[in-house]
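S.K.: Dock chain X against chain H, hints included.
One letter stands for each residue in the lines below.
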Amino acid sequence: EPEVTQTPSHQVTQMGQEVILRCVPISNHLYFYWYRQILGQKVEFLVSFYNNEISEKSEIFDDQFSVERPDGSNFTLKIRSTKLEDSAMYFCASSALVAGGQRGTQYFGPGTRLTVL
Amino acid sequence: RKEVEQDPGPFNVPEGATVAFNCTYSNSASQSFFWYRQDCRKEPKLLMSVYSSGNEDGRFTAQLNRASQYISLLIRDSKLSDSATYLCAVNIRDDKIIFGKGTRLHILP
Numbered sequence: 001e002p003e004v005t006q007t008p009s010h011q012v013t014q015m016g017q018e019v020i021l022r023c024v025p026i027s028n029h030l031y032f033y034w035y036r037q038i039l040g041q042k043v044e045f046l047v048s049f050y051n052n053e054i055s056e057k058s059e060i061f062d063d064q065f066s067v068e069r070p071d072g073s074n075f076t077l078k079i080r081s082t083k084l085e086d087s088a089m090y091f092c093a094s095s096a097l098v099a100g101g102q103r104g105t106q107y108f109g110p111g112t113r114l115t116v117l
Numbered sequence: 001r002k003e004v005e006q007d008p009g010p011f012n013v014p015e016g017a018t019v020a021f022n023c024t025y026s027n028s029a030s031q032s033f034f035w036y037r038q039d040c041r042k043e044p045k046l047l048m049s050v051y052s053s054g055n056e057d058g059r060f061t062a063q064l065n066r067a068s069q070y071i072s073l074l075i076r077d078s079k080l081s082d083s084a085t086y087l088c089a090v091n092i093r094d095d096k097i098i099f100g101k102g103t104r105l106h107i108l109p
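As they're listed, the protein sequences go chains H and X. For the first sequence, counting from 1, position 55 maps to 55 in the numbering used here; every step adds exactly one. For the second sequence, counting from 1, position 68 maps to 68 in the numbering used here; every step adds exactly one.
Note that these hints are calculated values from the structure, not bench results. Warning: the hint list may mix true and false statements.
Unchecked claim - With a Cα cut of at most 35 Å, we get these calculated DSBU-like pairs of lysine-lysine: (1) H:83 x X:2; (2) H:83 x X:42; (3) X:101 x X:42; (4) X:42 x H:78; (5) H:78 x X:45; (6) H:42 x X:45; (7) X:79 x H:83; (8) H:42 x X:101; (9) X:42 x H:57; (10) H:57 x X:79; (11) H:57 x X:101; (12) X:2 x H:78; (13) H:78 x X:101; (14) H:57 x X:45; (15) X:2 x X:42; (16) X:79 x H:78.
As the list claims (entries may be wrong) - Quick partial rundown of chain H residues pointing at chain X, CB under 7 Å, derived from the structure: (17) 1; (18) 42; (19) 43; (20) 48; (21) 61; (22) 65; (23) 87; (24) 105; (25) 108; (26) 110; (27) 111.
Because the structure is a prediction, the values reported are computed rather than measured. For glycine and all other residues, C-beta sits at the position ideal for the given N, C-alpha and C.
Extracted from the complex, chain H is given alone in its bound form:
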């Protein structure tokens, strides 16, 4: 069964450093998402991406964050200058275009645990 993959599984960084989290969505999917989950809290939407553009972003997704699809397979989340409060699990998700022009079910990757020291 196709699945979303993410690398690395765990990233440790110093405050102020840049990090890039990588995702390989399911191959025929067209819609891509990033979510985060701070330990003990709920899963929160960050951004959605379609046709090489951000289609929706949350208040969390400020100027420190950016997303990119640099080639046909990878989808990345960059945090320019990490803060302590960026420590969280970051989940990538993807969904297909289904009948009626709707977005299909979102499938989540296993996540990258980001620890900012």
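M.R.: Same frame as chain H, but now just chain X:
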């Protein structure tokens, strides 16, 4: 009012019992509804979508009440492997899913 609200639990239930979770959502424009399961430190996995007519998948039954803005999940004949956190989720538009904080379920042998 929180966008998606759930009882955090934990629900401690003996194996074989039936357990039900509820969830309320605040935005009446919500279009799609889901139950996800999340194991400790793992990603959310879709358990089932929830339809207005109610739907069943094996031991799992989901119901939606749009008038009351309320979603439920019923698990029959619970198994040890059902122990997890159950996340209620809604789509307001296609773009994003809004999750509840989850209800923790422990199935006791």
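S.K.: All hints are to be evaluated individually against the structure, with a verdict given for each.
M.R.: Each hint, compared with the structure:
1. H:83 x X:2: Holds, at about 26 Å.
2. H:83 x X:42: holds, 23 Å
3. X:101 x X:42: Distance of about 15 Å is within 35 Å: holds.
4. X:42 x H:78: holds, 22 Å
5. H:78 x X:45: It holds: about 25 Å lies between the C-alpha atoms, which stays within 35 Å.
6. H:42 x X:45: holds, 14 Å
7. X:79 x H:83: violated, 41 Å
8. H:42 x X:101: Holds, at roughly 4 Å.
9. X:42 x H:57: holds, 23 Å
10. H:57 x X:79: violated, 39 Å
11. H:57 x X:101: At roughly 20 Å apart (the allowed maximum being 35 Å), residue 101 (chain X) and residue 57 (chain H) satisfy the hint.
12. X:2 x H:78: Answer holds: residue 2 (chain X) to residue 78 (chain H) is near 29 Å, not above 35 Å.
13. H:78 x X:101: Distance of about 26 Å is within 35 Å: holds.
14. H:57 x X:45: holds, 22 Å
15. X:2 x X:42: Judged against 35 Å, a Cα distance of about 24 Å means the pair holds.
16. X:79 x H:78: Violated - the C-alpha atoms of residue 78 (chain H) and residue 79 (chain X) are around 41 Å apart, more than 35 Å.
17. 1: violated, 12 Å
18. 42: Where the cut-off is 7 Å and the nearest Cβ of chain X is about 4 Å from residue 42 (chain H), the hint holds.
19. 43: Hint on residue 43 (chain H): holds, closest Cβ of chain X at ~4 Å, below 7 Å.
20. 48: Since chain X brings a Cβ to about 4 Å from residue 48 (chain H), closer than 7 Å, the hint holds.
21. 61: Violated. Min distance 11 Å.
22. 65: violated, 15 Å
23. 87: violated, 14 Å
24. 105: holds, 6 Å
25. 108: holds, 4 Å
26. 110: holds, 5 Å
27. 111: Because about 5 Å separates residue 111 (chain H) from the closest Cβ in chain X, which is inside the 7 Å limit, the hint holds.
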